[in-house]
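Using the hints, position chain V against chain L.
Residues per chain are reported as follows:
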Amino acid sequence: MDWSKAKNILIAALLITNLVLGMAIYRNINGSGGREQEEIKQNTILLLQEHGILVEEDQVPERIERLPVLSVRYRTISEESIALAIKDFQDVLEPSASKEEYCRAAERLLRGMGLFQEFFVCEGCREEEGSYVVSYGMEFEEQYLDNSKLKVVFRDGKPAEISSSWAEPVAMGQNKKRVLPASEALIRFMTILEQETREETIHVDQMRLVYWLEGYTENGGVSEDTAVPYWCIQYDDGASVHIAAYAE
Amino acid sequence: MKHVASNQLHNRIEKIKDVILVVLFLTAILLLYFFWENQGFESLNLSEIVNPQEEYESIPLDEVIVPDNIYASSGNGVHVKVYSGKRDLWKRAVAEIRKFGETSGIFVGEITKEQYLDAMSGYTSVQFDLGYEVPFSQFCDYYKVTKSQNFDTVEGVSTIAWSGASSESLFIVQEQKGKYYRMVADQDHTQLRAMAEEIVASEDASYYTISELMGVENTTMIPWETSVSYGPLSWESERQRGTDEDVRELAQSFFGENFDFIRRMVDTKGNVTYMYGYGQKTFITYADGSFEYKEEVNSSTSGAPTFYGSLETALEYIAAHGSWSTFDDQPISLFLSRAKAVEQNKQKGYRFEFGLMAGDLPVYYDQGVPLAVEVINGQLTYYQRNLIQYDLTEEQDISVQTNAANVIASNYNAIYRLIHPEAATMAPKEAWFDEVVVGITDLRLGYFRSINNSAEAEVQEMVPAWIVTVNNNLRVFFDVNSGELLGSRTLH
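If you're matching them up, the sequences are chains L and V in order.
Per our numbering, the very first residue in the first sequence carries number 816; after that it's consecutive.
Per our numbering, the very first residue in the second sequence carries number 2; after that it's consecutive.
Looking at chain L on its own, in the form it has when it is part of the complex (with noise of 0.2 Å):
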C-alpha cells in the first residue's frame, strides 16, 4: 500500500472536519447565523403580538453572549456629611436656570462631597412639585447597575436633600457565562403577564440587560453583594419587568 497517498487522504479528510468542527462550534459560541436570528426575532414578535404584546423590532437587543457577575459594595451618606456640604455649597441658582445646569450644580456639590465616581450616569433633572431632581444612575464597564441610584434635589436653586439607595460597582467576575437571548426573555415576560388578568395591550417601551441585585433593600444589613444579568423590561409607561438573564 503506498502509505504516503493514504496519509495525503487522511490530512485531508482531518483538515476538512477540524474546519468543520470549528465553524459549528463558532457558531455556537456566537449565536445562530444572521438570517435564523432575524427568523427567530420575528416570529417572537409576532407570537407576543398574538397575546397583546406590542414590542417593536428595533426594540429587541442583538444577543449578547456572555456576561460575567458584577461585585458591588453598599455605600450610604451620614446625614451630616449631607447636611454639612448643603449648608457649604455656596452657588444659588436662578429661577431661570435650565435643567443643564441643575446637572452640573449637582455634580459640583457630589464632588465637593468626595462622591462622584466615573461611573456616575447623570440621568437627567425633572421638576415635581416646584423642586427639580437630579438623578444618576451607575454604569461600569457599558454595563448598567439598575437599582443603584442616587438624586439630588434643589429647591429654591439651592441642593435641599441627597437621597439614594447606593451600590458601588467594584470589579467584574474573571469568568463569564453564557446569557439568556432576548427572544426568550421576551417569551418568559410573556408568560408572566399571562399569570395576571388584564384586558388592555401591553406596550413595550425598553428593554435592555442590566446588571440588579435581587431583593435589595436599603437597611438590608448587607455590607458587599454581587448583581447578576437580568433583562429588564420596561413597559405601560412606568412598569417594569425583570428576568435573569443567565442561562442554565
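No wet-lab data here; the hints were simulated from the structure.
Glycine included, each C-beta is placed from N, C-alpha and C at the ideal position.
Just to be clear, a hint being listed does not mean it is correct.
[To be verified] Reference listing, derived: stretches of chain L covered by chain V, where coverage requires no fewer than 3 residues with Cβ under 8 Å from a Cβ of chain V:
1) 819 to 830
2) 924 to 932
3) 981 to 990
Below, chain V without anything else, positioned relative to chain L:
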C-alpha cells in the same frame, strides 16, 4: 548523488506529514469535545487536566457509629459506665448479637418498663444505648443479624441489652415510644455475661439512679465519684486555624463550575453568604467560624430512604465538602451523637448530628453542634460545620471536685428558672426541687465550649463540665470543680 538527496527530502516530507497527522488528529478530538459539550474555549481548564480533582475518601460507618452509653451492672443496683474503648466493645457486642440471631425459634414479647429496669439493676447486665433510634429491621440488615419472623413486632431500637435475669434473651428498648421487648432464644449463645463482668471489673465510674441518690423517682443514672483525664483545654475554631483560600475551596466544593456566577453577599457582621439561583443552594460562612449549607429539596424524586443509606450519603458528602480533617489537616474524632427522622415537603429523610471527642469526653457547645447533616430522600439538604481544634495536655487522672447530685441540689433554683423563665423573680419553692430532679433525663461528664462567650474571652478555653439534660429539651452546664452554672441551651 541526486538520487540520495531526493530520498532524504522525501523522508523529511514524510516525517513532517506524520507530525501534521498527529496534530490534526488530536485537534479533531479536542474540537469534538467542545462541540459535543457545547461549551466555549474558556471552559478548558488546563489545571484540572494536569491536577485532576482528588477523590475524597469517606470514612466507614462503623467509625462513627458508637453507642452513646454502655452500662454494665453486677446486679447490686450499681452500674458502671464505659468511657474508653466503646467502639471495640460495640464491635464485640454486635458479633454476639449476630450469634443470637442465628438461633431458631426466637420468641419476641413485650415487657413493661419496670420489668426491664429490674432485669438491668437486679442482675448481671450490660446495656448498649445507641443514643438514637434505628428501624429494627434496618439495624438487623446492616449488622447482618438473621431476622426471625417475629422480629417484625419490634419497630425501632434505641437500646440493646442483655441480663442474667433471662440469659437466653436479648432486650430491646424503643425509647421514643416507651416500648420494651424481650427476645427469647432456646439458650444463651452469647458471651455477653463475660462482657458485662469485664466492664464491671474495670475502673470506670460507678453510676446510680437518681432515685437512689436523691430520693426522687427517676431512673436516670448519674455518677457519684468520677475523674477526668485532662483539665481545661484551649481551643481554636477550624476557621481560625485555616486561611481564606481554605474557605473559598470549601465554598467552591458546593457550587462546582457555577462558583464564579453565584451571588456573594457580606453583611455588616462579617457573615458571607454565597447563593446560587434564587436560593436553590446557599452557603454561609459565619463570623464565629461556623459554616452552613442549605439546598432546596428536589420534590420530583421519591423513595423510601433507609437509615444507614442516608448516613452513608452523609459521610460521603462530608468527605467531599470539608473532609474529615480540619483546614490544617488535623484528623477529627467524630461520632454519631444524634439521629432522627425528619420530613420536608412531604419527603422523608434523616437528620444526623455528630459529636466531637476531646480525649475520652465529648465536647458540648452552647450553640450548634460540631457537624449536622440532613439527608432527604438521598439528597443532602443541610450541612452545618462548626469544628474546633485543641491541643491535649499531659494525661492525668484528675478527681472531679463536685458531686453531680450536690450540684443539682445546689442549683435547682437556677435550673427551674431556665425551665420556667416567668419564675425569674419568684422566690424559690420546695416543689421546684422535685420538678427539676424528676425532669432530669441525662447527666454526664463532658467538655463545655461556649460560643456565646468566646468573642469577649482573652483565651478560648473549654472546661470539664457536668452536662445535665432536663426534659430532653434543655441542657445545662456546670463546672465540675466549682459547681458554677456555666451556661444553658435549648435542644430541638
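Verdict on chain V covering the stretch 981 to 990 of chain L, where coverage means 3 or more residues with a C-beta closer than 8 Å: holds (count 3)
Do three or more residues of the stretch 924 to 932 of chain L come closer than 8 Å to chain V, measuring C-beta to C-beta? violated (count 0)
Residue count check for the stretch 819 to 830 of chain L against chain V: does it reach three with CB-CB under 8 Å? holds (count 7)
Checked against the numbered hints given earlier, the structure breaks only hint 2 and satisfies all the rest.
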